[in-house]
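Trainee: All chains should be modelled from the sequences, with the hints used to inform the complete structure.
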Amino acid sequence: MTPFTIVTAPACPLGLENVDTDQLIPARFMQTPRSQGYGGFLLHDLRRKDAGEMRKDFALNDARYAQAQIMIARTNFGCGSSREAAVYVLADAGYRCVLAPSFGDIFASNSVQNGVLPARVSAADIEILLSDPSVLAGAPITVDLAEQTVSVGNKSIAFQIRADWKQRLINGWDAVDMTRSYAKDIDAFVTKDRAERPWSQPRG
Amino acid sequence: MAGGPRTIIDKLWDAHVITTREDGDCLLWVDRHFVHEGSHHGFGQLRQRGAPVARPDLTFGTADHYVATRKGAVLDADAARMVRQLTENCAAHGVTCFGEGDARQGIAHVVAPELGLTLPGLLIVCGDSHTSTHGALGAYAFGIGASEVAHVLMTQCIWQSRPRQLRMHIDGKLGAGIGAKDMALALIAKFGTGFAQGCAIEYSGSAVQGLSVEGRLTLCNLSIESGSRLGLVAPDEVTINYLRGRPFAPAGDDFERAAEDWLALASDRDAAFDQEISMNASEIAPVVTWGVSPEQAAPITSRVPDPATLTDATRADAWRDALDYMGLHAGQAIDTIKVDRVFIGSCTNSRIEDLRAAAAILKHRRSQVPGLVSPGSRQVKQQAEQEGLDRIFIAAGLEWGGPGCSMCVGMNGDIVPAGERCASTTNRNFKGRQGKGSRTHIMSPAMVAAAAVEGHLTDARKLMEGRAP
Ligand code: SF4
Chain A
2 MTPFTIVTAP ACPLGLENVD TDQLIPARFM QTPRSQGYGG FLLHDLRRKD
52 AGEMRKDFAL NDARYAQAQI MIARTNFGCG SSREAAVYVL ADAGYRCVLA
102 PSFGDIFASN SVQNGVLPAR VSAADIEILL SDPSVLAGAP ITVDLAEQTV
152 SVGNKSIAFQ IRADWKQRLI NGWDAVDMTR SYAKDIDAFV TKDRAERPWS
202 QPRG
Chain B
414 MAGGPRTIID KLWDAHVITT REDGDCLLWV DRHFVHEGSH HGFGQLRQRG
464 APVARPDLTF GTADHYVATR KGAVLDADAA RMVRQLTENC AAHGVTCFGE
514 GDARQGIAHV VAPELGLTLP GLLIVCGDSH TSTHGALGAY AFGIGASEVA
564 HVLMTQCIWQ SRPRQLRMHI DGKLGAGIGA KDMALALIAK FGTGFAQGCA
614 IEYSGSAVQG LSVEGRLTLC NLSIESGSRL GLVAPDEVTI NYLRGRPFAP
664 AGDDFERAAE DWLALASDRD AAFDQEISMN ASEIAPVVTW GVSPEQAAPI
714 TSRVPDPATL TDATRADAWR DALDYMGLHA GQAIDTIKVD RVFIGSCTNS
764 RIEDLRAAAA ILKHRRSQVP GLVSPGSRQV KQQAEQEGLD RIFIAAGLEW
814 GGPGCSMCVG MNGDIVPAGE RCASTTNRNF KGRQGKGSRT HIMSPAMVAA
864 AAVEGHLTDA RKLMEGRAP
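Residue numbers (our numbering), protein chains in the order written: chain A, 2 to 205; chain B, 414 to 882.
Be aware that a few hints might be false.
[Stated by the list, open to error] Straight-line distance between alpha carbons at most 30 Å, and here's what the computed DSSO-like set of lysine-lysine pairs gives: (1) B:K776 x B:K751; (2) B:K751 x A:K50; (3) B:K849 x A:K50.
[Stated by the list, open to error] Distance windows between CB atoms, simulated: (4) B:D730 x A:Q68: 23 to 33 Å; (5) B:G868 x A:R181: 56 to 66 Å; (6) A:A124 x B:N693: 27 to 37 Å; (7) B:D683 x A:R65: 51 to 61 Å; (8) B:K484 x A:G205: 25 to 35 Å; (9) A:D175 x B:D489: 31 to 41 Å; (10) A:G41 x B:D683: 53 to 63 Å; (11) A:G205 x B:T724: 52 to 62 Å; (12) A:S135 x B:R733: 23 to 33 Å; (13) B:G457 x A:D178: 13 to 23 Å; (14) A:T33 x B:E669: 49 to 59 Å.
The hints are simulated quantities; they were obtained by calculation from the structure and are not laboratory data. Every residue gets a Cβ at the ideal spot worked out from N, C-alpha and C, and that includes glycine.
Mentor: Right, dumping it as structure tokens:
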């Protein structure tokens, strides 16, 4: 996994709230093998009109944010289904970070697994970002994970992230390798647990 | 924490901790892992590393998301491949699979409880957000993403941080004809889709204890729609009686000993939660959603709300957008909304009690609109047929299908056509959830049956007189 330290890039001021994972990627695209790339499915139906034509008033379709690597949204981003494909669409479209006041739990942990930073920014600060002229103009902003700050011009805004997720993103740790290093603890647990919860094994 | 009073959430958590890292993250042991067709990304990661499944004996597969559920339906090549791939992946790794054609096949969250794979005190994961359902039996159960699926396959463990704990206390008595679905939707409508974010919920109180296990499964199923990753109900006699004799549950003396342990999982009297919320069951009316988020819900007796009454501009915009998508206008009486079709099924409401409730209303009546009834598992299907429920649905003009996720998510091709409005027993009314451009109203099985009979959303209680489910 690519470590996340500092990202400086334009941000897409999406601004929507309750963006569920069915919007991030509609179910009908999820049979696609990952090797084919998921970027084109990002917000597939929301960014288009019924006839399939791109909506001009939609931030994601705006040329100013074509190089964006940071998404700015309102509350409850990524709620709904556990589909990790909702992160693949962002990652494959070049996004490294989503700024929002809150996230769907499973979406947030899926993001971390894929090196995408789910940064919690207060609702008031999200409003500041969404109305900042330089953000709207597509000027780069900087997300610094170690410092937990978003800088726009000379403004600096704090964000929250779980301590363990921060460590994992900064180091680009692989969870499986990390877990394997605890093999002895796992074995000890299994032995003790067998005695304490004999009923936990399925009868076959 | 040792020695002090503990909540059921503490007890379940503590029993599964293998190690705690400095940053607070804990490595937890996983007792059951359910995989389905969508787990192919997880198996793919396994293949890339050339790793085996750590504990195939604790892993179970079931085909649900992509299986065909309508008579004579032929899956398209991609969907058929998804179903086949699950069987192949399970076989390659020695994992028991309830695949297509197996007598135990059905929706994971319906099948596992009915087989006794779900037990109190277990930690259960599945690459599906509605894994919260299993909390109904007092399990610590939550949905995970594909990378975590791969991680659990390879290690039988998962990293988690201790959640905040919320007690949702519901006392009082539900009115006649009102059930667990109304309870869950009323909670979400009142407190919002984000109110339990980052929390584990314990549902408690006399109204919760008064629910059957099936009702509790419905209630816990919708926990994810309140932002919580999991919700559970402490095991009691109702739970124990439900589990006795289930094929994968302990048997004989082992069962009785286990039952003692399970009953001891209940929260200690003085155990502290981070937050407690209460609601009275008598306040709850039959609820339907009118918008594109489960919190956009209201009693059937009310009117479509007016965005102009909101002070929060963002929220008002979201409501306007929802009404526009749903083709509704503010102030319209909700029970005048005409529907084009109905769907009874999904992991929320496809168990035998759900089908009985719908059939009680449909008996000797005709549906005004087409619709599909999809039992949650082969076992439910068989039982419903023994009880003659299938004949009631068919006589009413509805289609009697097979078990699977079906029209809940439309991955198998059973979709609601664009622009059509569906009264549905499912759990998500997101834009396009049942197919591109589909309009979903979620409600209880009785309410869907009533909407079928009248051709518009309606108060099911009016159609229940003299009929017991
Ligand atoms: S029935 Fe619907 S909500 Fe339940 S597991 Fe299947 S797709 Fe998900």
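Trainee: Now tell me, hint by hint, if it's right for this structure.
Mentor: Status of each hint after checking the structure:
1. B:K776 x B:K751: The given pair, whose Cα atoms are some 21 Å apart, holds under the 30 Å limit.
2. B:K751 x A:K50: Holds, because 25 Å separates the two Cα atoms, which is no more than 30 Å.
3. B:K849 x A:K50: 12 Å, holds
4. B:D730 x A:Q68: 23 to 33 Å: 27 Å, holds
5. B:G868 x A:R181: 56 to 66 Å: 59 Å, holds
6. A:A124 x B:N693: 27 to 37 Å: 31 Å, holds
7. B:D683 x A:R65: 51 to 61 Å: 57 Å, holds
8. B:K484 x A:G205: 25 to 35 Å: Cβ of K484 (chain B) to Cβ of G205 (chain A): about 33 Å, so the range 25 to 35 Å holds.
9. A:D175 x B:D489: 31 to 41 Å: Given range 31 to 41 Å: holds, Cβ gap about 36 Å.
10. A:G41 x B:D683: 53 to 63 Å: Holds, since G41 (chain A) and D683 (chain B) (Cβ atoms, about 55 Å apart) stay within the stated range.
11. A:G205 x B:T724: 52 to 62 Å: 58 Å, holds
12. A:S135 x B:R733: 23 to 33 Å: 29 Å, holds
13. B:G457 x A:D178: 13 to 23 Å: 18 Å, holds
14. A:T33 x B:E669: 49 to 59 Å: 50 Å, holds
When each numbered hint is compared with the structure, no violation occurs for any of them.
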